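Chains A and B, in that order, are what the protein sequence lines are. If you read the first sequence in this note's numbering, its first letter stands for residue 61, the second for the next number, and so on. If you read the second sequence in this note's numbering, its first letter stands for residue 61, the second for the next number, and so on.
I should point out that these hints are in silico values taken from the structure, not numbers from a laboratory. None of the values given here were measured: they were computed from a predicted structure. Think of the CB as a built atom: it goes at the ideal place given N, C-alpha and C, for glycine as much as any other residue. Treat the hints loosely; a few may be bogus.
Here are a few chain A residues that sit away from chain B, every Cβ distance over 12 Å (derived from the structure) [unchecked claim]:
| # | residue |
| --- | --- |
| 1 | S63 |
| 2 | Q73 |
| 3 | H81 |
| 4 | G175 |
| 5 | K265 |
| 6 | Q313 |
| 7 | K320 |
| 8 | Q393 |
| 9 | I406 |
| 10 | V408 |
| 11 | K428 |
| 12 | D440 |
| 13 | K456 |
Calculated pairs, EDC-like style, for lysine to aspartate or glutamate (alpha carbon to alpha carbon, straight line, at most 16 Å) [stated by the list, open to error]:
| # | chain 1 | residue 1 | chain 2 | residue 2 |
| --- | --- | --- | --- | --- |
| 14 | B | K85 | B | E184 |
| 15 | B | K128 | B | E262 |
| 16 | B | K391 | B | E460 |
| 17 | A | K152 | A | E184 |
| 18 | B | K456 | A | D166 |
| 19 | A | K456 | B | D375 |
| 20 | A | K391 | A | D440 |
| 21 | B | K320 | B | E273 |
| 22 | B | K456 | A | D375 |
| 23 | A | K128 | A | E184 |
| 24 | B | K86 | B | E460 |
| 25 | A | K302 | A | E314 |
| 26 | B | K422 | A | E314 |
| 27 | A | K128 | A | D165 |
| 28 | A | K422 | B | E460 |
| 29 | A | K89 | A | E203 |
| 30 | A | K456 | B | E453 |
| 31 | B | K128 | B | D166 |
Restraint-style ranges between C-beta atoms, simulated for each label pair [as the list claims (entries may be wrong)]:
| # | chain 1 | residue 1 | chain 2 | residue 2 | range |
| --- | --- | --- | --- | --- | --- |
| 32 | B | E262 | A | D395 | 28 to 34 Å |
| 33 | A | Q393 | B | N87 | 31 to 37 Å |
| 34 | A | K456 | B | K64 | 38 to 44 Å |
| 35 | B | G403 | A | T338 | 35 to 41 Å |
| 36 | A | T418 | B | A414 | 43 to 49 Å |
| 37 | A | G389 | B | E415 | 41 to 47 Å |
| 38 | B | T405 | A | Q146 | 35 to 41 Å |
| 39 | A | T418 | B | E199 | 41 to 47 Å |
Number of protein chains: 2
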Amino acid sequence: MLSKITGGITAPQGFKAAGVHCGIKKNGKEDVAVIYSTVPAAAAAMFTTNQMAAAPVIVSRQAVERGKARAIVVNSGCANACTGEQGLADAKAMAHQAAKALNLDDNEVLVASTGVIGVTLPMEKVTAGISQAVADLSESGHEQALAAIMTTDTFPKSCAYQYSLGGKTATIAGIAKGAGMIHPNMATMLCFITTDAAVAPELLKLALNQAVELSFNMISVDGDTSTNDMVAVLANGQAGNKLIRSADSPEYQEFFQALKTVCTELAQLIVRDGEGATKFLEINVTGALTFADAKQAAMAIAKSPLVKTAFFGQDPNWGRILCAVGYSGAKTQPDRTSLAIGGLTIVVNGQGAAEFDTAKLKDVMAAKDIVVTVDLGLGDAAATVWTCDFSYEYVKINGEYTT
Amino acid sequence: MLSKITGGITAPQGFKAAGVHCGIKKNGKEDVAVIYSTVPAAAAAMFTTNQMAAAPVIVSRQAVERGKARAIVVNSGCANACTGEQGLADAKAMAHQAAKALNLDDNEVLVASTGVIGVTLPMEKVTAGISQAVADLSESGHEQALAAIMTTDTFPKSCAYQYSLGGKTATIAGIAKGAGMIHPNMATMLCFITTDAAVAPELLKLALNQAVELSFNMISVDGDTSTNDMVAVLANGQAGNKLIRSADSPEYQEFFQALKTVCTELAQLIVRDGEGATKFLEINVTGALTFADAKQAAMAIAKSPLVKTAFFGQDPNWGRILCAVGYSGAKTQPDRTSLAIGGLTIVVNGQGAAEFDTAKLKDVMAAKDIVVTVDLGLGDAAATVWTCDFSYEYVKINGEYTT
């Protein structure tokens, strides 16, 4: 049983955070955050699979290999991606500055950046920002830290839960940012999770991989896999539970469910805040031969600009959904395929349903939250993907991003 | 040497065409076309790889296997896709009705459809339309036939050339329609090519495969591979050249260059008429290890909504181009990658070029035709893909398509 609580990423015991404005963002909002565990913590992280991985991804990927970390330093407004040698030096300098101020080794600090690609960081401002953020660290600093990781997000994305873990009360919390260049592949955009559970590093990594596969890797806003994706979790053991060492233990399951809940909630919030989104779409593909097939078909629907604009315009052009399934690469057979939108049966085994009526479908498509279900009729595997529609506002936001 | 001529698909000797309005389209425009060779012709065609292939694709795929055909019957306004058994019967009936009126066997007629998916054909109207079109067949009917295959196209797409083939004057011509659901995979939307060259069926097929691979398979409007894609060529030998039987002959090369010219011109016209397009983008990827890598990288750029909206908004956010290369799956190395837009060098070996300046890039992006060049710096393979930008108009067209 998980209970939702307030307090954000500083709700788990032994965590502090801060967010300050150092001058990267022109609008005066927070742009540097530090998240800190007051005691040593197990750490796991997943990163973008984009080969143009940003400098902070390269630095953090190496740092987290030890399975331990104490702090995360983040900036928004500049992605520090496609910045060559200078970018790498800047990302290392960020880790070093935070480590020095916190009395840690450099490799106990993870670094993350988000914002415009191809621009180097204003390091003088960033250095001052890191000093200020470390000085500001507090157990109530979660809101400022969250504000400091946002870019085109229109609302903050945060959640925190308490649950019973091996007889102790454990807390887990996470923050995330969207809202464009969202098509995760092994990890997504920025997401930071804190927990006071005691978990062995290798099991923390396993749980994160499994949770991300079913949450962040199941969302798409625009099909673009960012250069900067990162999801990191710090587990500092302050809940006092017996260290989780086995994936077969009930405690691992308790912890995994909590982690999966946080990841799924944040992933869905990212989709709800998709750039220009007016609708939240859940795409269920059932009856597939394999999970990979189900996911491939669901992702093809979720990525199709034709499907996404039809939902925006509430145009009952359902054929585009089956068209996307057809080119997805998933094994399908037209005369076995069935389709329902918002509970309305449209196609049964490749034939239009007798009771189908366009007016009803338009009503269903007027809702804000819509479930699309495609049954491939071939096997038992299923997958659920979350996405949003494609609106004029998406074009506007992305036609005017840097200017 | 190819000379551009007028006369459309009835310019080659021995071809007639017609287009009529039978009542599928609500706007009163032509919606049924027949293209006819007065003598037996070699035929080759390529079809969509979408597993939800439309009924006419299934019928035509089988008919063209013999390498011969005399006529093509086409309707617009209804795709006859995702229509089950009824759709298949309707597509066969279309071929049968045209064959009967033309005194041909059913399998000498190819069938094609384009329009809304998931709706069955109004066969009474279609039957009357086919009769009328066969009665109207003429050597000057190319404009009506072309009008009858258009849907959201804003201009007709047609070209015709004459060239010397084995000492004789041969003519080749083609018509095509776009303008959405364009992301060909082995063939695209509808394209019909007529030629009076004498070409053995197996060489016609080879030439078509090669020409399509370098033309229609190198364009993308929105990343959606249609259920109805078809490109077909009829070659009736009326030019009087000696039958082309070998791919090593100079005549095969003469013919192939003419066919490739027609395919490339029509493919580029489809992109220029991409739904809502305001810009024509040529994406060149050079220095790749393989053609497949080069194409994969170029296609990722061409499909990225973030890149496409940036070009629409003339936002000099070039990092999105390298981001797309990074997630494309093509083998890349950031410190070997270079980028130029409209001849302006932006990145050299992963580092921002010293002479780069945002104001100049904005000027370059204001052009209607823009060339983007990415050099991967790893090998000798290259690929060119053509695409368009992503505008408010695309969202409008596709949010209101059926309504």
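Margin query: If you test the structure against every hint from before, which numbers come out violated?
Written below: Violated hints: 4, 8, 9, 10, 13, 16, 18, 23, 26, 36, 38; rest satisfied.
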